[in-house]
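Chemist: Sequence:
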Amino acid sequence: MIRTTMIGLAAAAVLLTASPAVATPPEPGHAGGGQGPRADLTLTYMANAGFATAVKLDCYPPGGGHPQPAQACAELAAAGGNPDRIKPRHSMCMMIYLPVTAQISGHWLGTAVAWQHEYGNSCEMHRALGVLFDF
Numbered sequence: 097m098i099r100t101t102m103i104g105l106a107a108a109a110v111l112l113t114a115s116p117a118v119a120t121p122p123e124p125g126h127a128g129g130g131q132g133p134r135a136d137l138t139l140t141y142m143a144n145a146g147f148a149t150a151v152k153l154d155c156y157p158p159g160g161g162h163p164q165p166a167q168a169c170a171e172l173a174a175a176g177g178n179p180d181r182i183k184p185r186h187s188m189c190m191m192i193y194l195p196v197t198a199q200i201s202g203h204w205l206g207t208a209v210a211w212q213h214e215y216g217n218s219c220e221m222h223r224a225l226g227v228l229f230d231f
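Going from the sequence shown to this note's numbering is simple: count from 1 and add 96.
In case anyone wonders, no lab produced these hints; they're calculated from the structure. Careful: at least some of the hints might be erroneous.
Unchecked claim - With beta-carbon atoms standing in for the labels, derived distance ranges:
no., residue 1, residue 2, range
1, P157, M190, 36 to 42 Å
2, H186, G159, 26 to 32 Å
3, G159, A210, 29 to 35 Å
4, L205, Q167, 33 to 39 Å
5, M191, P158, 32 to 38 Å
6, A170, L194, 15 to 21 Å
7, Y193, P157, 37 to 43 Å
8, N144, S187, 30 to 36 Å
9, L205, G146, 31 to 37 Å
10, M190, A210, 26 to 32 Å
Idealized CB from N, CA, C, for every residue including glycine.
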């Protein structure tokens with residue numbers, strides 16, 4: 097049973113890391129020595145209590161509707177584009193359960209992004225994601 101599971105997991109890993117059969121064209125400006133791949137993301141957080149907030153974040157150059165686009169882009173770049181790698185802030189949060197779901201969708205340096213994580217409350221989300229979700 098364990099051997100079958102391990103073989104199945106190995107096969108799934110190979111399939112997930114295999115390159116696509118059809119290459120996607122580079123983003124405009126990249127092929128001709130232009131500006132290179134960009135980052136255009138939509139950051140959203142939704143509370144189970146019934147409200148949602150969203151903002152657009154563009155990087156290279158920083159912009160969009162985010163109040164601190166340069167800092168948010170720098171924080172995400174330092175984490176290699178992976179929000180799970182952002183170093184959490186040192187702060188305390190109340191232990192009140194009001195779940196919030198954070199989502200990031202769009203493109204980061206030519207790679208499609210579809211990230212989602214649920215936190216116990218908005219304080220925990222802000223502590224974990226720093227300036228990225230300070231809006």
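Chemist: Compare the structure with each hint and give your call.
Modeler: Here is what the structure says about each hint:
1. P157 - M190: 36 to 42 Å: 38 Å, holds
2. H186 - G159: 26 to 32 Å: About 29 Å separates the Cβ atoms of H186 and G159, which means 26 to 32 Å holds.
3. G159 - A210: 29 to 35 Å: 22 Å, violated
4. L205 - Q167: 33 to 39 Å: 18 Å, violated
5. M191 - P158: 32 to 38 Å: 35 Å, holds
6. A170 - L194: 15 to 21 Å: 29 Å, violated
7. Y193 - P157: 37 to 43 Å: 39 Å, holds
8. N144 - S187: 30 to 36 Å: 22 Å, violated
9. L205 - G146: 31 to 37 Å: 35 Å, holds
10. M190 - A210: 26 to 32 Å: 30 Å, holds
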